[in-house]
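*Asks:* The chain contents come next:
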Amino acid sequence: MRVFNMTLFGWSAFPRDVPLGAPGSYPVNNKHFDPKLGQRILAEFFEQIELSEQMGFDGINCQEHHGNGAFCAFVPSTTVMAAAIAQRTSRIKIAVTGTCLPLHNPVTIAEEVAMVDHLSNGRLIWGALRGFPTEYISYAINPTESQGRFREAFDLIRKVWTTEGPFNYGGRYYSLRNYNIWPRPLQQPHPKVWMACNSMDSLDFAVETQSYVMTPWVPNKQSANVYETYHQLAAKRGVPVPEGFDEMFAGISAAYCAETDEQARAECEEHVQELFFHAMAAFDSNTTSLIPGHMSPKGLRTWLTASSGRAGQSLGFDFDEAIRGGNLIVGSPKTCIELIRRQRTEGKKGTMLSMFQFGTLPHKLAMKSIGLFGREVIPALREDATLRLSPAHG
Amino acid sequence: MVETLVVRFNNSAWSYQRAGQGQPLVWLHGLWGEPGWEPHHQRLAERYTVYAPALAGYDGSTAPDWLTDMEDMATLLVEFLEALELDRPHLVGHSLGGWAAAELAVFRPSSIRSLVLIDPLGVALDWTKMPNIFYNDPKSLPGLFFADATIPAARRYVPPPFEWDERFITNRAASARLVFEPYLHSRKLGVRLRFANVPALILWGERDALISAAHAEEWAARLPNTEVKLVQGAGHTPHVECPDACMPHLLEFIARATKSEEVLV
Numbered sequence: 018m019r020v021f022n023m024t025l026f027g028w029s030a031f032p033r034d035v036p037l038g039a040p041g042s043y044p045v046n047n048k049h050f051d052p053k054l055g056q057r058i059l060a061e062f063f064e065q066i067e068l069s070e071q072m073g074f075d076g077i078n079c080q081e082h083h084g085n086g087a088f089c090a091f092v093p094s095t096t097v098m099a100a101a102i103a104q105r106t107s108r109i110k111i112a113v114t115g116t117c118l119p120l121h122n123p124v125t126i127a128e129e130v131a132m133v134d135h136l137s138n139g140r141l142i143w144g145a146l147r148g149f150p151t152e153y154i155s156y157a158i159n160p161t162e163s164q165g166r167f168r169e170a171f172d173l174i175r176k177v178w179t180t181e182g183p184f185n186y187g188g189r190y191y192s193l194r195n196y197n198i199w200p201r202p203l204q205q206p207h208p209k210v211w212m213a214c215n216s217m218d219s220l221d222f223a224v225e226t227q228s229y230v231m232t233p234w235v236p237n238k239q240s241a242n243v244y245e246t247y248h249q250l251a252a253k254r255g256v257p258v259p260e261g262f263d264e265m266f267a268g269i270s271a272a273y274c275a276e277t278d279e280q281a282r283a284e285c286e287e288h289v290q291e292l293f294f295h296a297m298a299a300f301d302s303n304t305t306s307l308i309p310g311h312m313s314p315k316g317l318r319t320w321l322t323a324s325s326g327r328a329g330q331s332l333g334f335d336f337d338e339a340i341r342g343g344n345l346i347v348g349s350p351k352t353c354i355e356l357i358r359r360q361r362t363e364g365k366k367g368t369m370l371s372m373f374q375f376g377t378l379p380h381k382l383a384m385k386s387i388g389l390f391g392r393e394v395i396p397a398l399r400e401d402a403t404l405r406l407s408p409a410h411g
Numbered sequence: 014m015v016e017t018l019v020v021r022f023n024n025s026a027w028s029y030q031r032a033g034q035g036q037p038l039v040w041l042h043g044l045w046g047e048p049g050w051e052p053h054h055q056r057l058a059e060r061y062t063v064y065a066p067a068l069a070g071y072d073g074s075t076a077p078d079w080l081t082d083m084e085d086m087a088t089l090l091v092e093f094l095e096a097l098e099l100d101r102p103h104l105v106g107h108s109l110g111g112w113a114a115a116e117l118a119v120f121r122p123s124s125i126r127s128l129v130l131i132d133p134l135g136v137a138l139d140w141t142k143m144p145n146i147f148y149n150d151p152k153s154l155p156g157l158f159f160a161d162a163t164i165p166a167a168r169r170y171v172p173p174p175f176e177w178d179e180r181f182i183t184n185r186a187a188s189a190r191l192v193f194e195p196y197l198h199s200r201k202l203g204v205r206l207r208f209a210n211v212p213a214l215i216l217w218g219e220r221d222a223l224i225s226a227a228h229a230e231e232w233a234a235r236l237p238n239t240e241v242k243l244v245q246g247a248g249h250t251p252h253v254e255c256p257d258a259c260m261p262h263l264l265e266f267i268a269r270a271t272k273s274e275e276v277l278v
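As given, the protein sequences belong to chains A and B, one line each in that order. When the letters of the first sequence are read in order and numbered with the numbering used here, they come out as residues 18 to 411. When the letters of the second sequence are read in order and numbered with the numbering used here, they come out as residues 14 to 278.
Just chain B, same shape as in the assembly (with noise of 0.2 Å):
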């Protein structure tokens, strides 16, 4: 059974899905918001408890007045972890929750289990190079987080201009006041990776139009602990668009890091 629950922290009000049994495992929804308990929610909750928060400002999810870029989300994040009194989850982040993930992994590294980056944004190659999502030709934008932006579920997550709601209108306001500058990255984001000793699995589309697969390379090139993944055919958002091509992958992974960490104990 899937509940939807707010929790309570320091002037924040966080709302959040929670279903599944195990050990707990965070997910952190990417630029859109996330449209409701989706597949790869379900797929995870089998095996472990999963929590999945709207962040700052997202779906409700209150945003705090000092709220201004990743390293402030992932403050709210840490505080949001301690709330739920969450022992060293799993941490799984899409896109820009991949980035406030690894945020978090930087500066507390030993308050989760495993870190998993599933096409995220932070760290750029040349900034100046990437489409964007904030001024364009609005129907282009599904095209940048697809490779085939046919499929239902992409509508789902980016709908044309004419159907945005109010919550994805208030969710792309979010992302905004976040990443609008600098754009989609951060300038001291690659500088500081080394930190996060944290086992850690890079997963990308290789048809990411966004934020090309070639940055997999950079992460992994960066962060102390970690390998990558690409998915075949998938674009910005392959556990959405190829499940069963990433899942496994992801799966995989974090069942071996819970072993591995047996093991040395």
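Isolated chain A (complex conformation) (with noise of 0.2 Å):
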């Protein structure tokens, strides 16, 4: 079982304006970033992601976000961020989850990604998703044509660094002539792969074309399904699961480690609740979610029959919920591991992305624990048999 923290270098200050998930609330308005604060978090940021690989994580993981659709996020390029990461790190591995592939030039996509392979000393995993439909509004990227470009983008940024030579590509959103990349990616044929799935036409894609797996933010019945589904796919198909599957299978959590369980609750909860207010107005949120392309006819009417009762407002949140359904990790180190466990075994999850700091938690807090994680989680797990998988390579 492998621990990556999760950096989502998240607004520490979050604007009250605008509610969020109102008309209106996408974009936060810029003029309350503050660029002193911007440094401030960046900084905390680094030092939990110097304390992590001290501390034993598997690694660190970060994603892109434009116009604080999400959390008020900080990247919206992850290839700068997981360039930085790579200088301020040695052995811990760096993923990128991921590009909103339809949203960028393909081929750009595929240099930066073998660049940062190549400055990470070959530590870099790649994860690519379709990203919120709000932010193809901010692109003016057609988002019924989402899928269609990112199954494109997908297949080009592969071909680009398995080809050998120059070729041309014809496609249908993106063409090439000519072309070969420099510097190839240091990792052969490239960086492993994580396929951000939450339909049924996602997870065959990954299928088809063997890509790792991660979940979003679901509770563990649900990844176990998704694991499931996967091999079901795949013997449909008849195609093998890749190598490693087991170990690569990822899912998101939230995770504060403290003394006791009492402790821990008291001192994470109103962010955490914070942070789940943020990643549900994302989203849950009307203008969201009836941006055209974004579900499928049927699956909007499902969700606007759901959500009609509640007429807008933001879903509720319920904290032992999240944690019995393995969305949240915390407590003591010994409520943690247990915890963790049942990520593997409820949730057939062998890395868990975990955020160790949700935004607005107390840069102190967020390392102690860290630490304290470090110390007394992270060895316990490795000596769990049960916990034991065997490595993807590389």
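Calculated directly from the structure, the hints in this document are not laboratory data. Just to be clear, a hint being listed does not mean it is correct.
Each computed EDC-like pair below joins lysine to aspartate or glutamate, with the alpha-carbon atoms no more than 16 Å apart [what the hints assert, rightly or not]:
| # | chain 1 | residue 1 | chain 2 | residue 2 |
| --- | --- | --- | --- | --- |
| 1 | A | K365 | A | D263 |
| 2 | A | K315 | B | E179 |
| 3 | A | K351 | A | D401 |
| 4 | B | K242 | B | D257 |
| 5 | A | K315 | B | E176 |
| 6 | B | K201 | B | D257 |
| 7 | A | K110 | A | D75 |
| 8 | A | K315 | B | D72 |
| 9 | A | K315 | B | D257 |
Using the hints, build the complex out of the two chains.
*Replies:* Next up, the structure:
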């Protein structure tokens, strides 16, 4: 079982003048961006990243967000951030989880990922996702083309990494003439690929392309379903499950470790609430969900029926339910170990992408939690034979 | 009697409604499709044979893979007219349908008898100032299409979000596919309009909040043979909102276009 510190680079002073999820809440007005605070947030995150490496974490991951669409996160370019992390660490894996493919020139993505692969001495894992529909509005990319662009960009990026000598590419959305990549990636044939899967379609595409899978913010039970479905689809297609799949099968959570269960909850609860409030607003707002092409007509109709009672209100968040479901790992080291064991046994996860800083958590507490987790939880996980998985190559 | 039919051409199948007698008249719907056989159809069917197709991607009409913009739609529209063997129909288009009609008139002007454009999209004075219909408070949508969004018909054309059915959601995605970017306009259509040498009428709801009535003059300046009528009190959908102010202009124009053609003959 591997643990990654999922760095959000979230904004710690979220403005409240426009309710999140309400019409007009995206993008968050950048008059709220305080450059000095930005510097402090970056510095604190890098301290947490360095501590995570010292404390034996397996990796760091970061993700792309635009216009403060989610958590007011700081990172519109994951490769820039991954390059920075590469220079501040030496052993730990670095995962981009991931790039919003349809928003960019795929060749630029392929080139930058190859560069960061070298800059990190082959420690990079690359993740592909579609991004929030609001981001398509900002970038003026037709959201009804999202899936087509995603698939084509993904295909092109892998061709760019693996094709020897200049080649032409004639796609529907992207074309290349007499191109070959320089530098080629350090890891051959290319860095391992994580694909974000939250629908049958995306899962089937992951199977088809033999990608590793990361599930979005879902309970253990649902992540186990995704795991099973992947294997069923692979059997149906007659394609092999990639080596090391179990270890690479990843899910997202938030984690906070303190001396006792009571203390852990007392110290982090309001900040976890804040995180969920942002996450719900980003994923579940009317304006986001109604962007054409984001959901199938049937899916959107179902969503509208389900949410009509709420009439635009954010979903409530139940702390205990989130712990039971596996989205939250909060407690004493002993409790954390138990909850992580359930990530494996109930959720089938082999890699835990876990936020140790949710946004508003004081830096001091984040450092304390990472330290304690590293001292008492990680060694116990390593000693646990039931959590030992055969590693993916590289 | 109104018939609902399907015509097949070149790997496509379009659904259309037909009723009435007399010269053929083709009616092209706007951004969200046509909820059914509507009073404006009926009014025209008293004098003409009205054909009201669902454009490609809307209400069960198929959309080929290569369809991405309104030029493509006009290509399909030519095939639709040919498949039905319509003899130089009058062509009326509202909003997005007006755009499709104009594209067709540019490259096949001789295939239609007259052209009526009602609050057409396709030419924009400044698209950056137009409200975003694909990302906005969905509750504000009806107000962009009707000056008075409280009239019952407004709800049928643009329902409030929690009443969106699969039909409306599908039609909305069909529009997004065509007009999301460039947003509600073509960078080329305005330049080419001078080739649409066919008697044309521009009708515009003077209170159109989606694409302002100031655009009517822009169309008039570019089309070679056109007149303009503003519909007082109406928003983007004048034929539904103010039919008695709108439809007589349309009927009178089409009758006149037919008559002047007879004189020429």
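*Asks:* Now look at each hint and say whether the structure bears it out.
*Replies:* Against the structure, the hints:
no.	hint	in the structure
1	A/K365 with A/D263	holds (8 Å)
2	A/K315 with B/E179	holds (6 Å)
3	A/K351 with A/D401	holds (13 Å)
4	B/K242 with B/D257	holds (14 Å)
5	A/K315 with B/E176	holds (13 Å)
6	B/K201 with B/D257	violated (34 Å)
7	A/K110 with A/D75	holds (6 Å)
8	A/K315 with B/D72	holds (15 Å)
9	A/K315 with B/D257	violated (38 Å)
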